[in-house]
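Undergrad: Sequence:
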Amino acid sequence: MICPDRIGAALLCLVAAAALAAPPQGAAGVRPLYREVAAEAGVHFVHRNGAFGKKYLPETMGSGAALADLDGDGDLDAVLVGGTSWPGRPTVNDSSLALYLNDGRGRFRDVTRRAGLGAQFQGMGVVAADDDGDGDLDLHVTALGPNRHYRNRGDGTFEELAARLGVADSGWGTSAAWLDYDRDGDLDLFVANYVPWTIATDIRCSLDGRNKSYCTPEPYPGDTPHLFRNSGDGTYVDATREAGVFQSSGKGLGVAVFDLDDDGWPDIAVANDTQPNFLFHNLGRGPDGVVTFAEEGVISGIGFDENGSARAGMGIDAADYDRSGRASLAIANFSNEEIALYHNQGEGLFIDKAPISGVGEPSLLALSFGLLFFDADLDGWTDLFVANGHVEDQIQRVQARVTYRQLPLLYRGLGGGRFEQVLPRGEGDALAIPMVGRGAASGDLDGDGDPDLLVSENGGPARLLRAEGPPANGWIRIRLAERGGNGAGIGAKVSLVSGGAKQTAWVRAGNSYASQSDTAVTFGLGAEKTAARLEVVWPDGGREAFAGLPGDRVFTIARGAKVAGAR
Numbered sequence: 001m002i003c004p005d006r007i008g009a010a011l012l013c014l015v016a017a018a019a020l021a022a023p024p025q026g027a028a029g030v031r032p033l034y035r036e037v038a039a040e041a042g043v044h045f046v047h048r049n050g051a052f053g054k055k056y057l058p059e060t061m062g063s064g065a066a067l068a069d070l071d072g073d074g075d076l077d078a079v080l081v082g083g084t085s086w087p088g089r090p091t092v093n094d095s096s097l098a099l100y101l102n103d104g105r106g107r108f109r110d111v112t113r114r115a116g117l118g119a120q121f122q123g124m125g126v127v128a129a130d131d132d133g134d135g136d137l138d139l140h141v142t143a144l145g146p147n148r149h150y151r152n153r154g155d156g157t158f159e160e161l162a163a164r165l166g167v168a169d170s171g172w173g174t175s176a177a178w179l180d181y182d183r184d185g186d187l188d189l190f191v192a193n194y195v196p197w198t199i200a201t202d203i204r205c206s207l208d209g210r211n212k213s214y215c216t217p218e219p220y221p222g223d224t225p226h227l228f229r230n231s232g233d234g235t236y237v238d239a240t241r242e243a244g245v246f247q248s249s250g251k252g253l254g255v256a257v258f259d260l261d262d263d264g265w266p267d268i269a270v271a272n273d274t275q276p277n278f279l280f281h282n283l284g285r286g287p288d289g290v291v292t293f294a295e296e297g298v299i300s301g302i303g304f305d306e307n308g309s310a311r312a313g314m315g316i317d318a319a320d321y322d323r324s325g326r327a328s329l330a331i332a333n334f335s336n337e338e339i340a341l342y343h344n345q346g347e348g349l350f351i352d353k354a355p356i357s358g359v360g361e362p363s364l365l366a367l368s369f370g371l372l373f374f375d376a377d378l379d380g381w382t383d384l385f386v387a388n389g390h391v392e393d394q395i396q397r398v399q400a401r402v403t404y405r406q407l408p409l410l411y412r413g414l415g416g417g418r419f420e421q422v423l424p425r426g427e428g429d430a431l432a433i434p435m436v437g438r439g440a441a442s443g444d445l446d447g448d449g450d451p452d453l454l455v456s457e458n459g460g461p462a463r464l465l466r467a468e469g470p471p472a473n474g475w476i477r478i479r480l481a482e483r484g485g486n487g488a489g490i491g492a493k494v495s496l497v498s499g500g501a502k503q504t505a506w507v508r509a510g511n512s513y514a515s516q517s518d519t520a521v522t523f524g525l526g527a528e529k530t531a532a533r534l535e536v537v538w539p540d541g542g543r544e545a546f547a548g549l550p551g552d553r554v555f556t557i558a559r560g561a562k563v564a565g566a567r
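If you're matching positions, the sequence shown starts at 1 in the working numbering and goes up one per residue.
Treat the hints with caution; some may be incorrect.
[To be verified] No more than 35 Å apart at the CA atoms, straight line, and that leaves these computed lysine-lysine pairs for DSBU-like:
# : residue 1 : residue 2
1 : K212      : K54
2 : K562      : K353
3 : K529      : K502
4 : K562      : K529
5 : K502      : K353
6 : K502      : K562
7 : K353      : K529
If you are wondering where the hints come from, they were derived from the structure by calculation, not from laboratory data.
Using the sequences provided together with the hints, build the complete structure.
TA: In structure tokens, the structure reads:
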């Protein structure tokens with residue numbers, strides 16, 4: 001790392017470097033202890049990026065992961081995405097996809113081939129939802145063109161139908177998200193694209209002026225994201241231009257769907273790499289009946305950093321981390337750029353509060369990809385997990401303090417918009433294991449109540465970080481169910497009042513970097529035993545409320561039901 005000349009900034013740089021190189025042990029407060037259990041749990045996936053010395057740009061990107069109930073048995077299964085060999089190179093037998101079914105206790109078995117998912121391509125991201133309304137979750141997998149769309153047959157197998165359905169998209173797809181942007185009752189699909197790249201157009205870059213290194217995206221032109229509108233018959237129409245989201249300058253790596261102004265219409269934020277981030281504000285249905293967006297990234301405050309520079313945005317997530325009732329944004333950035341924590345001030349304005357929140361300083365040397373908001377310790381305050389890892393395996397030759405493999409970061413929410421870094425509790429803690437982290441997803445994999453983590457590694461094994469021991473705090477998990485093409489209620493707003501405090505969350509499918517966490521909403525209760533009130537605002541604006549829900553239960557709320565079903 002090359003630290004700046006200014007004394008204050010130089011000291012901050014050195015402090016951050018020391019924290020990443022040798023994290024201190026122990027810290028105060030209630031914190032989960034994570035143990036890496038992938039092999040023990042039966043997850044043996046190893047990501048292949050095809051690297052063989054040519055330093056092709058896609059080799060640096062890695063891929064994502066999803067946690068979703070793909071066999072309908074009530075627990076979360078795992079999907080991991082990988083790459084393959086380049087043309088002309090010896091091929092490997094490994095599939096670019098892996099599907100691991102959960103036995104309900106956090107042990108997995110690989111059913112990839114049997115499920116019809118054995119394929120080889122340069123995969124990137126994955127999202128899961130029931131987009132055809134038949135009750136089974138389907139998969140959309142982004143790739144270095146074309147993307148794949150796997151329809152769930154309901155018998156444990158999938159059929160690839162991307163071209164037939166109109167969602168193949170020949171670009172370099174990265175992150176994706178499901179949403180009902182036009183509020184017609186079925187799920188639409190938003191896909192971010194990175195840059196146009198082929199082996200023939202690969203550009204030579206160098207760190208030392210002699211040897212080829214991996215390029216940053218600056219030498220390449222951008223590409224537009226795509227918005228696919230569900231036609232209601234299982235096929236899609238490309239509505240990118242019609243809806244106003246065509247932006248040829250985009251270099252999108254992360255997507256977050258949220259409602260920035262609480263008007264019931266879903267908005268879309270895109271983390272761009274070395275280009276200003278996008279914020280597509282949903283304007284609703286116009287006089288002509290068409291739903292359109294206005295791109296407001298720069299005027300909202302999320303386009304640039306505080307110096308007016310575009311950062312290298314990777315992953316992104318949205319949450320009401322300070323109980324303001326508004327969803328704010330976190331964006332993962334490159335090394336020597338802090339993670340951004342864009343607080344939603346209301347009226348379409350965001351301010352980056354990373355430097356004063358406790359999030360910024362520890363992230364200074366990290367090259368961050370997957371990041372996600374979740375309540376790790378179930379105390380009722382939102383926490384933040386970040387997967388880190390550099391893109392250049394020889395980075396220490398030119399920046400001695402920046403490593404290729406990097407430690408993940410976990411920030412505990414303290415309330416009042418403040419966070420503190422959770423430090424490893426010894427060598428057995430997964431937070432002490434450096435990795436080339438990429439995608440990250442959260443969900444309760446072993447059924448004990450607290451959320452676990454699935455992290456993908458570029459060119460390495462997937463990591464399963466299990467929260468050890470029974471939860472120290474109470475919790476309530478909410479799954480929604482309604483009829484039609486949006487059976488999981490994606491886009492719904494869920495609010496919970498417990499102990500006099502109100503928490504707000506949204507049902508979402510697609511976040512982090514090229515990944516998807518459990519679509520269920522989990523609220524930490526802290527020391528409370530019940531929720532005084534729970535309110536659901538459905539995607540079409542309908543409202544339902546429940547009172548006196550007991551803690552430590554998973555509730556499935558079917559629309560129109562008088563009582564929420566629990567287990």
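Undergrad: The structure should be examined with respect to each hint, and the outcome stated for every one.
TA: Tested hints:
no.	hint	in the structure
1	K212 / K54	holds (8 Å)
2	K562 / K353	violated (42 Å)
3	K529 / K502	holds (15 Å)
4	K562 / K529	holds (22 Å)
5	K502 / K353	holds (22 Å)
6	K502 / K562	holds (23 Å)
7	K353 / K529	holds (33 Å)
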